[in-house]
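J.: Dock chain one against chain two, each of which comes alone in its own frame, and use the hints as you go.
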Amino acid sequence: MTAISDTWALTIRDLLRLWRQPWFIGIVLVQPVIWLLLFGELFKRVVDIPGFTGGDYKQYLVPGVLVMTTFFSSGWNGMSTIEDLERGVTDRLLVTPARRWSLIVGRLGQNAVQALVQSIVIVAMALAIGVSFDGGVLGVVALVVVALLLGTAFAALSNALALVARREESLIGAVSFLQLPLTFLSTAFMQEQLIPSWVGTVADYNPVNWAVVAGREAVEASPDWGTVAGYSGLLVVFALLCTMLATRAFRAYQAQV
Amino acid sequence: MIEARDLVKSYGDVRALDGLGFAVAPGTIFGLLGPNGAGKSTTVKVLTTLTRPDGGSATVAGHDVLHDPGKVRRAIGVVAQRSGVDRDLTGRENVKLQGHLQGMRGAELDRRVDELMEQLGLAEAARRVARTYSGGMQRRLDIAMGLVHRPRVLFLDEPTTGLDPDVRAAMWHEIGRLRSDEGLTILLTTHYMEEADRLASQLAIIDRGRVVAEGSPAELKASLRGDAVHVELEGGEANGNVHTALDGVPGLHEVLIEGRAVHARVEDGARAVPAVLAALDAHRVPVATVTVARPSLDDVYLRYAGRSFAQAEN
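The listed protein sequences derive, respectively, from chains A and B.
For the record, in the first sequence the residue sitting at position 187 is 187 according to the numbering used here, with numbers rising by one throughout.
Converting from the second sequence to the numbering used here requires adding 1000 to each position, the first position being numbered 1.
For reference, chain B alone in the conformation it holds in the complex (with noise of 0.2 Å):
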């Protein structure tokens, strides 16, 4: 449903894409995770036809974003990461506004405004300005907007970025169930973990403009061998002596320090954990936490990536 091939756009000297590409399967719901600045929204905005990529190719719905814009334009809906609310016109005006823009007319437009804005919880709050919204309901009224004319396609850009967190539950319940319900193809763009791993079946994790690892949650994850341990050092940064002390400690592998926090994998977490703290004793490194866990999406980024994901973020 959706086909990107070797994507590249650069933005001055920053190459925000650089020969990205994944494929979506109908009527699922895949997810581009990655940190901020990875290339996500620039992603959204080429395949939505908002802007043009420097380089390489994409179909959306059978069209090419490139030379069939305007057939891409009907089939998709899009909810962009900045909310496209106008503020100054009521809930319903904004999505009859997109409706009479995507070619509805008439009795079927205004049903399926109503229809949507009970759907979306805002039927009470219709006929108020936008203005008046929380964030959570305007970006409700994006999603509307981004259904009205029944696209196949829907593109949700970091749709709960701001949002709390009982409201963010309510909006995966949703797109959930638009997936479910309706049969759409979504594509999510996320930087949370969690959101991934709970509403996307395939995912395809992205770092600096590439595609390092795809696959489904569960198969990125059985994709690392083994536990996570992280160690959080008391004091100041790593030194040396924190390799040569690990380095020293049995089936310990892929471990990546960065500043105070030192990333490791093994085959039995548990086990090792004695073994690790002994060694870095031994070597007169202080240890203010450790951690075990089963392989997370944060794991299988760090993996992949080859820095951890609060690393990236910043």
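The shape of chain A in the complex, shown without the other chains (with noise of 0.2 Å):
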């Protein structure tokens, strides 16, 4: 009960930071949003292929996009642990009586609350440009929900990472080095059979792909919920091994201070 009352002094603590930088605030808002109308626009030919199905590439861009914006921007998460780092706040959280989970657990609520409004944004923005969501709201819900656990784990990744590495250069560099790929290893843009077959084949093991997959699946309008619950599950899984890393990284962190 402590521990939960910990974690969410913590999240609201992280929320106050991030409220208090407003052209940060406008960057992750207006983001989305930019990906959204750019990719549209950029590869909206792309139903053009032989191949394709739907008639319509906003449409399926939109589980993609919100999917990617939650992955890209939870990469960044442990740039808060390493500002927390550098400025003596760890060392002080770490003598006091909260968990370590709490300390990791409460960034990861903040990031979940971030990602939850960028993706009521990409919703809201979707609607506006003409996509419609066939599998009304609970589909919504189940595409923002699977967006955030995959948002979580690498959320908790970046901490992990930033506990480990402990400088800002080693995180941008990781993050900045797995984003691409992994977006693009993936069916977010474009079609499955209209992929090369590796690539098919990576993104069976990608978790990015998982969310993808599992929240384009809910947003159909006569969804399979056994894919989506599926990968979810993977989903689930992936992030709560992520958060235990992380947890553990403090030890390592420990041992060397």
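By construction, these hints were calculated from the structure, which means they are not laboratory data.
Keep in mind the model is a prediction, meaning the values are calculated, not measured.
Using N, Cα and C, we set each Cβ at its ideal position, and we do this for glycine too.
A few of these clues could be false.
Under 10 Å between C-beta atoms, here's a sample of chain B residues computed to sit facing chain A [stated by the list, open to error]: (1) Thr1048; (2) Gly1055; (3) Thr1059; (4) Gly1084; (5) Tyr1192.
If we take Cβ atoms under 10 Å as the criterion, some of the chain A residues that face chain B in the derived model are [said to hold, decoys possible]: (6) Asp6; (7) Arg13; (8) Gly88; (9) Ala229.
T.: So, in structure tokens, the structure goes:
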């Protein structure tokens, strides 16, 4: 009970810090809109490729952009941890009775709230440009949930890396290195039957693709909930493992101080 | 209240703690005095459960730091050498979060936060983001965070390093008050002799990860016989002549030469000065300055660490 209350207090702290950086909030909100409009326009003619099913690329794109946005912004979650390390805040928190996992999950809470707001912006924007969600509200909720699960996993991974590398440059390098390949090794922008088979094989093991496939399925007119549940389950396990890894990373850090 | 035994801790090849041990009585200020890199901060990190020692053991407020870190954390307040202020939160939010993590809630927490902000002179700035605070204010905010849950033991790791002299004096006053009014046991680390002399009732002088001398400031100073004589030579480094010259001065002992500085001890400083000058002159060693002083903690450090404090800092 105490640990949950501590976690929540730490989430509030991170949200307050975010709230006090107006330009950052601006970027967080504008970026997904740009992805959606830019990719929507840039790849408009993709529907003309023989074998592409469905007549409107924006319709296809929305779940991909939503997952990508969450994935991208979550990768940077560890930056706050690096700032805390540099400012001595981490050391201060570590000598309180607060549980180690609270320190991680508190930060993941802030990440989830941020990703949720971004998702709402994307859904609203999608509706505004004429995209329809045939699966209704339930489908949209499921799409957002799988995106948050993916975001939570990568935010935890980002924090683990922050605690081990303890340097901004290392984290920026690693995150930038992973973001685009993991996004493009998925069906976020191109249907499975149109991508090279080796990409499809890799995508089967790519958590980003799990979220894209599950999210896109969920907003279909009549979704196959088995598929959605299967990938969601994988994402839950992945997110838990990453959170445990991040919590363990405090040990690696404390062995060094 | 604090007991450290045979603490050993290495970082790679560097041995930060090398069998360090001491004991702190309840309700006292205990000073760990030593130059930068002597192992003071590492000692604090071990005693506050931030890091584990490679060897040795320690108890704080009756709890073992290795086996019962949770209980230690509830009993202690920590003001680390590096500030732990979250600059994006207000002063009040910083202290309140700290109190929350220490298990305080609701109206009791609010009252305590207000009380501390008042007591540390931060009431007016309490609702401002800590980014706007001066160095001295951030340091006081650190202390407020260390005190919020009314700990029994407070760790102050170099609390006044980098502060202006007047801010430092105010901080000394506050630290003294915490001990006398609130009965706190305080472990203070410092590399300022004057600070240790002023605040601590017991001192451990540490050098290269070991305690080289322990006692009250008065005892430590009394353990040195007579006065300190410091000679600053003119021109280049001292050579063999200096030793030869000074060996001939009766009553002069503990002669130590560091570059152009010569330190020695003698029963009656004033009487020895002419003899020292005459001896150096006879050996054609030019002298820039000579000073005689009653023993200070600087001299205590020199005596027990085998080098001057200024030298050890480099």
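J.: If a hint holds in the structure, say so; if it does not, say that too.
T.: Results of checking the hints against the structure:
1. Contact between Thr1048 of chain B and chain A, as hinted, is supported at the beta carbon level, the nearest pair being about 5 Å apart and thus within 10 Å.
2. At about 15 Å, the closest approach between the beta carbon of Gly1055 of chain B and any beta carbon in chain A exceeds 10 Å, and the interface hint on this residue is violated.
3. Checking Thr1059 of chain B against chain A: minimum C-beta separation of about 16 Å lies over 10 Å; hint violated.
4. The closest approach between the C-beta of Gly1084 of chain B and any C-beta of chain A is roughly 3 Å, which is under the 10 Å cut-off, so the hint is satisfied.
5. Restraint check, Tyr1192 of chain B versus chain A: the minimum CB separation of about 21 Å is more than 10 Å; hint violated.
6. Taking 10 Å as the C-beta contact cut-off toward chain B, the hint placing Asp6 of chain A at the interface holds, the least distance being around 6 Å.
7. For Arg13 of chain A, the shortest C-beta to C-beta distance to chain B is roughly 6 Å, which falls under 10 Å, so the interface hint holds.
8. Because the smallest distance between the Cβ of Gly88 of chain A and any Cβ of chain B comes to about 4 Å, under 10 Å, the interface hint for this residue holds.
9. Contact between Ala229 of chain A and chain B, as hinted, is not supported at the beta carbon level, the nearest pair being about 37 Å apart and thus beyond 10 Å.
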